Amino acid sequence: MKNNTNKLNQRLDLAYLVLCCINFIIISFISGVMYICIQRMIDNHSSLYFLEKLSTLPPSPPYQIIVFSIISFGILLCLLQIKKIQELTRFMNVFIYITVISLSMIIMYYTSFANNSILLLVMTNFFVYARFNEKRYLYLFITVIIYMLCNFNLLSFIPMVSFNDYTSFFGSDTQNILNVIMNSLNTISIVLFLLIMVMMILKEVNESRRVLQLNSELQLLNKQLQEYASIQEKMGETKERNRLAREIHDTLGHTLTGLSMGIDASMMLLDDNPEASKKQLERLSKTARQGLTDVRRSVNKLRPDALERHTLKEAIEQMIADFQLLSDIEIRFACHMPTLAFEPDEEDTIYRIIQESITNSVRHGNATKIFVSIALDNNNIILLIEDNGIGSKKIQYGFGLHHMKERIDLLNGTMRVYGLDGFVVVAEIPLRKENMND
Amino acid sequence: MKRKYIISIIAIAICLCVGVGYAIIQSSHKVITIGVFAGSNWDVPTADSYQIVQNVIERYEKEHPNVRVKFMSGIRKSDYSEWLAGETLNGDAPDIFFVLSDDFTTFHQVGLLENLDSYIANDNNFDTEAYYPSSYATGMDNNHMYALPYESVPNLVFVNKSLLEKEGISLPNNNWTWNDFYEICKKVSKDTDNDGKIDQFGVYGYTWEDAMFANGIALFDEKEDVNDFNNTNAIESIRFLRQLNELNDNVHVTSQMFDEGNVAFCIMPFSEYRTYKPYPWKVKKYSNFEWDCVMLPSGPNGDNISKVDTLLIGMNAQSKHKDEAWELLKLLSYDQQTQLEIFKHSQGVSVLREITKSEEAIDIISSDTPGDSLFQMYLLNEVMENGKTQYRFKKFESVTSLIDNEIYRIINSESDIKTEMVSLQNKIETSLKE
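Chains as they are written, first to last, in this note's numbering: chain A, 114 to 551; chain B, 35 to 468.
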């Protein structure tokens, strides 16, 4: 596809070059024919007869017409080349455009407006080689109007010596041949111009088709990515469930089996040998406690990954950083305590509440700024999460908020939410005794 | 960066120096060119055709030491228009040049001739009243002046004195009318050798233009290009021409018949009179009869009016030294000394009233004409004052040749003149619109 565009660009350049050459040939042809006509007229003593038919003099002597029009054409080509290869300011663009149009007018004036295809060249240049921010259609429009006006038949009210006036000197046969050559050159330049325009359209179509294709590819990839993500999630869930099942089976199952069998045994021993039963119960109690420790350990294993690997503070910062990486939201985290070291369940709760609140702010509140702070006040951890989102006049407790509240209730804490100015979550969690001793 | 600046400043300085130097050299050595032809404008032999121009150049260069005047010699009158047109197309047209009256429209139409109005208005030493109106009007179009008159030639009637004497008719005076004219023509038109064919005629070369001018009609003017052909004066003129023609009894009168002494009157320009009257041309051409000239006869509604032809000089609109060119133009057209030299070295009449009236001019002409001419030279002034110039326009040639043919047909036929004139008027208008 890209290769195609390159090929088109090369062809466009080639067509433009040919158009330049055709214009050069046209200008040389017209001025040359004029020169030869006048020289022949003077040699054949028919210049008076020629003058009698005219209503004005030719703009310049014939050799001057050749020199001036070719020099003007050279300057015009240079300016067009500058326009083609250089990125120019708008002012420079307008300046070059005006100069180029004036030069075209001078050339056309010298060549009796016999051919206006030089304007096609200007049009091509300003349309094809326009930068993306240029008003190419404005240039095209103005040039087309000038093109239509600069037609000898239309300009007949201005006294001029027409190309036909010159060629009529040769007699009708030669005049016809010259006119055929002239018209062919003109047709070639118009066809070239149309060809260039068609190539331009092809190029544009190509480009937009490429963009469309890329877009659909991107959408496909996006869809695949989403599928992968959901599979991943499901796999994670299954894995987690399996782990949970294994843990329960391995620890609780084992302990409970042991406990139930031990209790059965002690029930039988209770009447015959209360002493032995007591011993048995003691062992059972030990096993039960051991089981509890095991359960605790298992629960520990279910903690969030981040908290397993980092401290709470690091984990929160990591989470915030990840969030900011994924979105434009500005999240500020202020911690008013030197260290954040609590019991694992407390840490879990704090982590989950912050996570859930940020998610809510983004998902429901369309917030762009979120402020998170943790502080300690009278042995209560105060957790504050505010955002600048739309808030909520009437707060409905969905699953997320319920879950948060349950978690806090488990720790004997309280939670309040306000939705009038953004969304604010205030959670208060009392520290447990063990910690206070630290 | 600094070096670049210095280099560009030096380059600009050099360009300026060269430009200023070139301008100074140009202004100190101005060259003006004049377009002149050899021979007389009036197609009569002449000895020293460049004499007047050379004298003028000498005087001009003395007055303007920094200007040189050049001209190319050796261009014959017959080649002159073509040469001038070629130079014009090549962009080499001279700064000032003589304009034949036939070419004025062509060169004016293409814009080669500078509009002289502003020069005339700004020049305190220039008075248009000094010129004869008909001469002055020749270089005019739409009340704008494009060329100054140089010399004029009025038409006169040449009379074969010997023939009139033989027939016992006295020479007509200068106030004669169509009636006198017709009576004489009628008397002299006869078959002298009794072979059944008329061999002695009244007039040769009396054209419809002469007849119309004589009856107070100017056929073309600047506004309408063509005036009524079917008004009573015009019809009267044509009727008179038909009457004259009827006297010839279908014999075609030629100039050779006049030369052989068989025609009483011939309409000729004054230049012919000037050239052929003095020796030796007189001997060569009109040796077998005595002749003189009188003013043209007047029609019932007109005057003794002559057609005046004028040689013009114009300024190139593309000239680079227009002020200098204007001075030279004035020296040729308006200067008394130059205009007096026209009588000495050329065959025309000065376009300045003062000069044509002056004793010196009359002396010069009279000294040329030995013998007993009845044409008193002071009448030349009157002829010039009354003279009319045919207004010319782009299609003048084709229209006049159309009228020539049509009128020749009308006067040779029996058809109703009024009807014919109405149809001629239509034909002219169609031809002008084409």
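These are calculated hints, taken from the structure and not from any lab test. Here the structure is a predicted model, which means the values were calculated and not measured. Using N, Cα and C, we set each Cβ at its ideal position, and we do this for glycine too. One thing to keep in mind: the hints can contain errors.
As the list claims (entries may be wrong) - Straight-line C-alpha distance at most 25 Å; calculated DSS-like pairs for lysine-lysine: (1) 166(A) <-> 231(B); (2) 506(A) <-> 426(A); (3) 120(A) <-> 166(A); (4) 316(A) <-> 336(A); (5) 104(B) <-> 467(B); (6) 428(B) <-> 378(B); (7) 356(B) <-> 96(B); (8) 220(B) <-> 166(A); (9) 166(A) <-> 224(B); (10) 220(B) <-> 231(B); (11) 111(B) <-> 166(A); (12) 506(A) <-> 482(A); (13) 461(B) <-> 111(B); (14) 428(B) <-> 166(A); (15) 364(B) <-> 354(B).
To be verified - Here chain B is said to cover these stretches of chain A; the calculated rule only asks that three of the stretch's residues, wherever they fall, bring their Cβ under 8 Å from a Cβ of chain B: (16) 206-216; (17) 437-448.
Stated by the list, open to error - Stretch-level coverage of chain B by chain A, calculated; a stretch enters the list once three of its residues show a Cβ under 8 Å from a Cβ in chain A: (18) 203-217; (19) 271-284.
Going through the hints against the structure:
no.	hint	result
1	166(A) <-> 231(B)	violated (47 Å)
2	506(A) <-> 426(A)	violated (32 Å)
3	120(A) <-> 166(A)	violated (53 Å)
4	316(A) <-> 336(A)	violated (30 Å)
5	104(B) <-> 467(B)	violated (42 Å)
6	428(B) <-> 378(B)	violated (34 Å)
7	356(B) <-> 96(B)	holds (19 Å)
8	220(B) <-> 166(A)	violated (46 Å)
9	166(A) <-> 224(B)	violated (48 Å)
10	220(B) <-> 231(B)	holds (15 Å)
11	111(B) <-> 166(A)	holds (22 Å)
12	506(A) <-> 482(A)	holds (19 Å)
13	461(B) <-> 111(B)	violated (34 Å)
14	428(B) <-> 166(A)	holds (9 Å)
15	364(B) <-> 354(B)	holds (17 Å)
16	206-216	violated (count 0)
17	437-448	violated (count 0)
18	203-217	violated (count 0)
19	271-284	violated (count 0)
When each numbered hint is compared with the structure, violations occur for hints 1, 2, 3, 4, 5, 6, 8, 9, 13, 16, 17, 18, 19.
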